[in-house]
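> Each chain is listed here by its residues.
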Amino acid sequence: EVQLLESGGGLVQPGGSLRVSCAASGFTFSNYVVSWVRQAPGKGLEWVSAISSSGSSTYYTDSVKGRFTISRDNSKNTLYLQMNSLTAEDTAIYYCAKLHWGPARYFDYWGQGTLVTVSS
Amino acid sequence: QSVLTQPPSVSAAPGQKVTISCSGSSSNIGNNYVSWYQQLPGTAPKLLIYDNNKRPSGIPDRFSGSKSGTSATLGITGLQTGDEADYYCGTWDSVLNAGVFGGGTKLTVL
Numbered sequence: 003e004v005q006l007l008e009s010g011g012g013l014v015q016p017g018g019s020l021r022v023s024c025a026a027s028g029f030t031f032s033n034y035v036v037s038w039v040r041q042a043p044g045k046g047l048e049w050v051s052a053i054s055s056s057g058s059s060t061y062y063t064d065s066v067k068g069r070f071t072i073s074r075d076n077s078k079n080t081l082y083l084q085m086n087s088l089t090a091e092d093t094a095i096y097y098c099a100k101l102h103w104g105p106a107r108y109f110d111y112w113g114q115g116t117l118v119t120v121s122s
Numbered sequence: 019q020s021v022l023t024q025p026p027s028v029s030a031a032p033g034q035k036v037t038i039s040c041s042g043s044s045s046n047i048g049n050n051y052v053s054w055y056q057q058l059p060g061t062a063p064k065l066l067i068y069d070n071n072k073r074p075s076g077i078p079d080r081f082s083g084s085k086s087g088t089s090a091t092l093g094i095t096g097l098q099t100g101d102e103a104d105y106y107c108g109t110w111d112s113v114l115n116a117g118v119f120g121g122g123t124k125l126t127v128l
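Listed in order, the protein sequences are those of chains W and A. Be aware that the first sequence starts at 3, since it is given in our numbering, and climbs by one per residue. Be aware that the second sequence starts at 19, since it is given in our numbering, and climbs by one per residue.
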């Protein structure tokens, strides 16, 4: 059974940094693209970032480029998102998702999410 | 403002059918496959439809998807109260080189 378990969320001050993690199990993590999707309180889904299976290619939505860094440790089956220069607009539940990467691209498995709150 | 456009809400009675539209452009829906996600209250999203019209294992055939040009549609027949949820369309945008979602549609089963 595929499982994705996020951790590391919490309260951080504006301008601060936070790293969230996602522990994967139930599939060969090193073979798949994985991604972060966030959801602000009461709002819709927003794709944030994705990383190739080897980690050599990364993708970001414009609003986080230069501030967020996605990475992975295939030896630990873990995905990370380092978030710097945080603002209130980054407040959201951050979901880790396995991303099917082919002619079709879709999120076939999701974690339960971790809440990041940016506030003074 | 979401890249893909969905109606904010739809409603129908139990047992009836409802459709949810998703409109995009040539850089996203027009040239890429569409997926749909169901988010029940207080839970994470779940894949409902992929490759425009395919259902993952375990998704009942009451759920269907279609695509035409730069628009896609999710259909749900035999509505049940348990179908009350937010539904999102998604795809890849080839110009943005990014994943994109619709703003979500809240389904109410009256």
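Hints should not be assumed to be uniformly reliable.
What the hints assert, rightly or not - No farther apart than 25 Å at their CA atoms in a straight line, the calculated lysine to any residue pairs in the SDA-like style are these:
id, chain 1, residue 1, chain 2, residue 2
1, W, Lys45, A, Ser75
2, W, Lys45, W, Arg69
3, A, Lys72, W, Thr93
4, A, Lys35, A, Leu58
5, A, Lys64, W, Arg69
6, A, Lys85, A, Thr126
7, W, Lys45, A, Gly33
8, W, Lys67, A, Leu125
9, W, Lys45, A, Asp79
Stated by the list, open to error - Pulled a few chain W residues facing chain A out of the computed Cβ check, cut under 10 Å:
id, residue
10, Phe29
11, Asp75
12, Lys78
13, Tyr82
14, Gly115
Said to hold, decoys possible - Pair by pair, the computed Cβ-Cβ distance ranges are:
id, chain 1, residue 1, chain 2, residue 2, range
15, W, Leu13, A, Pro59, 21 to 27 Å
16, A, Pro78, W, Ser122, 23 to 29 Å
17, A, Arg80, W, Glu3, 23 to 29 Å
Keep in mind that the hints were calculated from the coordinates and are not lab data. Every residue gets a Cβ at the ideal spot worked out from N, C-alpha and C, and that includes glycine.
> Going through the numbered hints above, which ones does this structure break? Give me the numbers in ascending order.
Hints 1, 3, 5, 7, 8, 9, 10, 11, 12, 13, 16 contradicted; others consistent.
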